[in-house]
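Input sequences plus hints: build the corresponding full structure.
One line per chain: the protein sequences are A and B, in this order. One point on numbering: in the numbering used here, the residue at position 226 of the first sequence is 226, and numbering is uninterrupted. One point on numbering: in the numbering used here, the residue at position 375 of the second sequence is 375, and numbering is uninterrupted.
These are computed hints drawn from the structure, not numbers from a lab. Glycine included, each C-beta is placed from N, C-alpha and C at the ideal position. Everything hinted at is true.
Here chain B is said to cover these stretches of chain A; the calculated rule only asks that three of the stretch's residues, wherever they fall, bring their Cβ under 8 Å from a Cβ of chain B:
(1) 244-254
(2) 262-274
(3) 302-311
From chain A, some residues computed to sit far from chain B (all C-beta separations above 10 Å):
(4) ALA130
(5) ALA190
(6) GLU217
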Amino acid sequence: MQIFTEEQTMVRDMAAGFLEEKAPVSALRRLRDEGAVLGYDKGLMGEMAGMGWFGMLIGEEAGGVDMGAVAAGLVAEEMGRRLTASPFLSSGVLAATALRDAGALDWAAKVASGAAVVAFAADEHGKHEAGPITTRAEASGNGFVLNGAKRFVSDAVGADRVIVPAMTEEGLALFLVDPAQDGVTTRAFATVDSRNAADLAFEDVQLDGAARIASGEGAEAAMASALRTGRAVAAADLCGVAKEASERTLAYLKERKQFGITIASFQALQHRAADLYTQIQTTEAVIAAALAAIDAGDAEAERLSRVAKAKANKTASLAVREAVQMHGGIGMTDALDIGLFMKKARVSIEYLGDSACHAEWLLREAGL
Amino acid sequence: MSDMQDFRASTRAWLEENCPQEMRQPMGEADVCWGGRNWVFQSDAQQLWLERMAVRGWTVPTWPEAYGGGGLTGDEDRVLREEMQRIHARPPLQSFGIWMLGPALLQFGSEEQKRHYLPQIARGEIRWCQGYSEPGAGSDLAGVQTKGVDRGDYFEVSGQKIWTSYADQADWIFCLVRTEPDAPKHKGISFLLFDMASEGVSTKPIKLISGASPFCETFFDAVKVPKEQIVGERGKGWSIAKYLLTHEREMIGSTDSALFKSESVVDAAREAVGLDATGRLADPLLRARIADFLVDEIAFKAELDRAKAWARAGNQIGVESATLKYTGTELNKRRQEINMESGGFDAVEWDFANAQSDEKASLWLRSKGNSIEGGTSEVMLSILSKAVLELG
Ligand SMILES: Cc1cc2nc3c(=O)[nH]c(=O)nc-3n(C[C@H](O)[C@H](O)[C@H](O)COP(=O)(O)OP(=O)(O)OC[C@H]3O[C@@H](n4cnc5c(N)ncnc54)[C@H](O)[C@@H]3O)c2cc1C
Ligand SMILES: Cc1cc2nc3c(=O)[nH]c(=O)nc-3n(C[C@H](O)[C@H](O)[C@H](O)COP(=O)(O)OP(=O)(O)OC[C@H]3O[C@@H](n4cnc5c(N)ncnc54)[C@H](O)[C@@H]3O)c2cc1C
Numbered sequence: 001m002q003i004f005t006e007e008q009t010m011v012r013d014m015a016a017g018f019l020e021e022k023a024p025v026s027a028l029r030r031l032r033d034e035g036a037v038l039g040y041d042k043g044l045m046g047e048m049a050g051m052g053w054f055g056m057l058i059g060e061e062a063g064g065v066d067m068g069a070v071a072a073g074l075v076a077e078e079m080g081r082r083l084t085a086s087p088f089l090s091s092g093v094l095a096a097t098a099l100r101d102a103g104a105l106d107w108a109a110k111v112a113s114g115a116a117v118v119a120f121a122a123d124e125h126g127k128h129e130a131g132p133i134t135t136r137a138e139a140s141g142n143g144f145v146l147n148g149a150k151r152f153v154s155d156a157v158g159a160d161r162v163i164v165p166a167m168t169e170e171g172l173a174l175f176l177v178d179p180a181q182d183g184v185t186t187r188a189f190a191t192v193d194s195r196n197a198a199d200l201a202f203e204d205v206q207l208d209g210a211a212r213i214a215s216g217e218g219a220e221a222a223m224a225s226a227l228r229t230g231r232a233v234a235a236a237d238l239c240g241v242a243k244e245a246s247e248r249t250l251a252y253l254k255e256r257k258q259f260g261i262t263i264a265s266f267q268a269l270q271h272r273a274a275d276l277y278t279q280i281q282t283t284e285a286v287i288a289a290a291l292a293a294i295d296a297g298d299a300e301a302e303r304l305s306r307v308a309k310a311k312a313n314k315t316a317s318l319a320v321r322e323a324v325q326m327h328g329g330i331g332m333t334d335a336l337d338i339g340l341f342m343k344k345a346r347v348s349i350e351y352l353g354d355s356a357c358h359a360e361w362l363l364r365e366a367g368l
Numbered sequence: 001m002s003d004m005q006d007f008r009a010s011t012r013a014w015l016e017e018n019c020p021q022e023m024r025q026p027m028g029e030a031d032v033c034w035g036g037r038n039w040v041f042q043s044d045a046q047q048l049w050l051e052r053m054a055v056r057g058w059t060v061p062t063w064p065e066a067y068g069g070g071g072l073t074g075d076e077d078r079v080l081r082e083e084m085q086r087i088h089a090r091p092p093l094q095s096f097g098i099w100m101l102g103p104a105l106l107q108f109g110s111e112e113q114k115r116h117y118l119p120q121i122a123r124g125e126i127r128w129c130q131g132y133s134e135p136g137a138g139s140d141l142a143g144v145q146t147k148g149v150d151r152g153d154y155f156e157v158s159g160q161k162i163w164t165s166y167a168d169q170a171d172w173i174f175c176l177v178r179t180e181p182d183a184p185k186h187k188g189i190s191f192l193l194f195d196m197a198s199e200g201v202s203t204k205p206i207k208l209i210s211g212a213s214p215f216c217e218t219f220f221d222a223v224k225v226p227k228e229q230i231v232g233e234r235g236k237g238w239s240i241a242k243y244l245l246t247h248e249r250e251m252i253g254s255t256d257s258a259l260f261k262s263e264s265v266v267d268a269a270r271e272a273v274g275l276d277a278t279g280r281l282a283d284p285l286l287r288a289r290i291a292d293f294l295v296d297e298i299a300f301k302a303e304l305d306r307a308k309a310w311a312r313a314g315n316q317i318g319v320e321s322a323t324l325k326y327t328g329t330e331l332n333k334r335r336q337e338i339n340m341e342s343g344g345f346d347a348v349e350w351d352f353a354n355a356q357s358d359e360k361a362s363l364w365l366r367s368k369g370n371s372i373e374g375g376t377s378e379v380m381l382s383i384l385s386k387a388v389l390e391l392g
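Structure representation (structure tokens):
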């Protein structure tokens with residue numbers, strides 16, 4: 001029931017066509033089996049940037065295409081469907097939004113063109129938004145000295161810069177840090193969905209004044225905006241995971257025979273599949289509302305983005321659990337792709353906040 | 001100024017001037033204006049408000065003017081609703097005629113039928129009830145056995161309906177009747193309209209678990225129904241019946257319908273349970289359930305908005321009404337369960353004989369019918385798995 005404009009339909013169809021050819025699920029499987037350090041294909045990322053995907057949230061004055069969050073969501077959903085490995089969310093959405101709002105247009109332009117990958121260090125704790133930011137930057141001469149640690153920084157491996165939120169005397173600030181710099185220790189690890197992430201430690205890292213791209217209210221706003229856009233687009237990515245897992249399962253139900261008939265004939269499975277379908281409808285609707293509210297600068301955008309992510313988490317989790325279960329024994333095998341969807345969903349659910357994280361925000365907002 | 005801004009400004013001014021203050025208060029099930037021959041207005045304001053809105057066709061804003069409607073476009077209708085909401089204006093009239101029969105007549109009625117029946121609905125003159133379910137035909141609705149025997153210029157209708165909401169207060173009934181006994185199940189049904197005051201019609205109220213008795217057993221003993229009171233062709237009533245159901249389901253699934261009005265879980269819990277020293281709801285497990293519920297509630301609101309936008313753009317909701325009905329009613333049941341939980345001892349203090357429809361316990365009990373009336377949740381899932389997912 002979603003109404004798309006002609007431009008939106010075009011973006012979606014182009015993304016689907018391109019990804020189907022260049023980055024299907026088999027591409028992720030190959031990257032995993034090769035033990036690729038980056039976890040994504042840099043050449044392919046360049047092609048995506050060439051199509052404007054990394055500049056969707058960046059204005060034309062900084063080399064972006066300024067198509068907005070709705071368009072980014074359409075691309076993300078197609079990526080989710082194919083488990084496409086790319087730093088699109090980390091660099092093209094989170095960092096791009098933060099750089100744009102902080103007015104760091106030189107780096108925004110590099111992100112948009114694909115010349116640079118910028119990661120965003122959103123977390124310090126075992127879960128998203130589970131505690132305060134403790135990383136600190138002390139003023140020193142013309143610059144700062146950074147101390148602290150960040151966790152679970154997606155695509156930090158191979159990133160040219162990392163945006164690091166840290167506390168200063170003037171409140172929150174965002175710093176653009178080169179992870180190769182002295183004093184930065186990177187502990188890279190693979191995640192269950194075969195992507196890379198890293199924990200970063202900062203020990204007396206010397207930063208010049210220009211490394212601070214936003215401070216005080218400006219930093220708060222840029223970070224909030226990056227997280228808001230990031231979680232709504234991440235929700236679209238998860239919705240793609242849910243849709244594809246459920247469609248593959250429906251196809252399997254129609255093909256697999258037991259008791260002399262296709263298992264699609266069993267009402268116990270039909271009703272669960274239909275329930276999942278309704279959950280996907282609701283999810284799709286609230287994600288679309290969140291993305292549109294972000295583009296419109298609507299006051300509801302923060303709440304909707306949180307509900308969108310929370311709902312997408314719940315639905316994707318249901319979708320992949322049902323998918324594995326309804327496939328029976330074969331759903332447990334690595335040879336079948338279904339398990340890869342389950343793994344991707346688990347990581348994406350943690351990324352930028354699980355359902356409890358956002359529900360907690362809703363409760364606070366409601367005064368409970 | 002654009003046309004739409006003009007329309008908004010003039011609508012706002014008209015509502016300001018014409019909507020009585022009393023009609024700008026929140027309303028419960030007991031405050032609904034249903035209209036009909038025997039309707040006793042609860043206040044002068046209620047009557048005035050209905051009359052004023054009906055003159056403009058705004059009881060049914062999007063119906064054509066020729067049939068008593070307002071002739072508004074989808075966008076104008078949205079503006080009207082927004083402006084009504086802005087001043088908390090109550091709907092001037094609600095009825096099965098507006099929600100169900102009207103859309104079906106617009107689609108399947110003859111020109112004469114539209115000109116006759118629709119304006120009566122729009123003005124709230126005739127109140128309709130729905131004669132679908134029978135003791136032997138609930139989910140299996142096409143199994144209806146009420147029979148209509150051809151007697152030349154009329155059908156002689158005999159049989160029994162059940163769960164007929166407001167049958168004892170309605171003026172007319174739209175009724176599924178088997179007129180072709182030898183045809184296959186789905187091809188033997190006709191869609192008949194007749195006066196509840198006809199000889200041979202009787203009703204017997206049934207009490208609900210919530211204490212109210214809004215529905216009835218309805219008996220037909222050789223009721224004469226003139227043949228021009230059939231909608232569509234003989235034996236082709238099933239498609240009309242199904243089309244009407246999609247509108248009924250859409251209505252039941254919409255939380256903004258008066259049926260579902262109840263206090264928010266947030267306010268109910270804060271008031272009943274209170275907050276702890278850190279400002280959190282004092283019951284952490286209930287708090288967690290409310291959190292989970294809020295996510296689904298807000299997401300469903302976006303889904304309803306989307307469906308409205310879809311319909312405004314001139315599209316049919318069709319089979320997706322099953323999605324809205326299933327999701328909306330299951331959500332409402334959760335809402336009422338949570339309200340009962342947060343209400344604790346206070347909420348279970350309830351006097352069956354003197355139950356009020358806006359009490360927590362009444363709303364909770366009534367909500368259980370939401371996933372039954374208009375087709376059960378299981379039937380919704382079956383419809384979706386067949387019609388959308390093509391399973392089985
Ligand atoms: C880890 C693991 C270890 C195993 N070890 C062994 C072993 O050592 N020896 C051995 O012989 N087997 C073993 N199995 C196989 C296991 O017993 C089967 O996988 C299981 O019985 C299901 O059969 P299936 O995989 O063919 O799924 P299917 O029967 O094809 O079922 C697919 C889906 O359809 C559902 N379904 C099927 N029929 C109906 C119905 N009538 N109504 C409703 N739903 C239905 C199922 O519940 C399932 O969700 C193992 C499986 C696993 C996962
Ligand atoms: C408050 C209320 C108001 C109503 N108002 C009206 C009205 O105005 N006019 C009118 O005509 N009717 C009305 N109804 C009747 C309503 O439409 C029926 O109750 C409904 O269609 C279910 O039919 P049933 O009660 O015979 O249940 P049954 O059909 O007997 O169902 C019993 C249970 O079995 C399940 N079931 C049945 N078939 C299947 C299947 N194939 N697969 C899986 N599960 C199945 C059902 O989901 C249900 O849980 C009203 C009902 C209620 C509760």
